[in-house]
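**Student:** Sequence:
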Amino acid sequence: MHAIRNILNSLITWLFLCIPALLLAQEDQNERILRMQIYTQASYDAASTSSDAIRIEFTNDGFNGIDDRDAPKINNIDENLARLHGGTFLTIENREQPTDGEILNLYIGQFSNSAYVFKFQNDNFDDKILKLKDNYLNDQIVIDENNATYAFTINPSINASTFYGRFQLLFEDEPLSTIGFNKPEFSISPNPVKQDSFIIQSACFANQEVSILIYNQVGKLILKKRVQLSNSGKYQLKDFNFNAGFYFVKLKTNSQEITKKLIKT
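First residue of the sequence shown? That's 1 in the UniProt record's numbering, and the numbers climb one at a time after it.
If you're looking for bench data, these hints aren't it; they were derived computationally from the structure.
Since no wrong hints were added, every one of them can be taken at face value.
Straight-line C-alpha distance at most 16 angstroms; calculated EDC-like pairs for lysine to aspartate or glutamate:
hint, residue 1, residue 2
1, K133, D144
2, K224, E209
3, K131, E172
4, K224, E257
5, K224, D239
Label pairs and their in silico Cβ distance ranges:
hint, residue 1, residue 2, range
6, I199, F246, 17 to 23 angstroms
7, E172, K234, 23 to 29 angstroms
8, Q228, E172, 30 to 36 angstroms
9, N243, G86, 39 to 45 angstroms
10, F111, K225, 32 to 38 angstroms
11, A244, Q208, 30 to 36 angstroms
12, I158, Q195, 17 to 23 angstroms
13, A206, N241, 24 to 30 angstroms
14, A160, N241, 24 to 30 angstroms
15, A46, T99, 34 to 40 angstroms
16, D123, N254, 31 to 37 angstroms
17, S48, K234, 21 to 27 angstroms
18, G86, K225, 44 to 50 angstroms
We put the beta carbon where it would ideally sit given N, CA and C, even for glycine.
Modelling step: build the complete structure from the supplied sequences, incorporating the hints.
**Tutor:** Pasting the structure below:
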């Protein structure tokens, strides 16, 4: 069964990531393509195959309804990822160019593990900001070449963490004054965290000194560190030995600060 699953997952990855390049001899320069895969954390760490994948094409002649350029979702053995278009599940979707403020719903379900990674590949989005919204954590992450993955966990005893509509894609117009510059963002992984360690990553603050401030849910400062982020913008905080609950992690420089919510289970 595992061998069959691996073959199917490899085929899925090839179909959605490779075949379009073979079929299109010359791709429209205005076409935007978003590829999204879901891995179990173990498969991702082992550089193995994804569990499922979707592909969204945005073209000048696209249609936001459902037509013959869209491919319906075929149920997967374990994890299922799909574009939720009304009541229809799609694996491949062709639609109009994204607009400012547009929200696309995703479907995720049939979990076999508790820790997962989304991996994104987005082509020709230079003038758009693409975000992944995690409705369970009430968090929004900018997805670009500097931040192309999102690690998350689920807890079967918490309905909101396994809700099929937990994730959405959001689009914003890139302000002309900031095109080509990094936006101040950072990510926390894993989140929720089970151990006393997690990784903070921010490509915007790579190789910089930053202050990490952590507050509990009533706003009390419980941890403060001045650290140096690596060349890739990473720092592993290893002494988060606090009780389960909600926390707020603030990343601060001399001129900017960003806050994210963290859950410890």
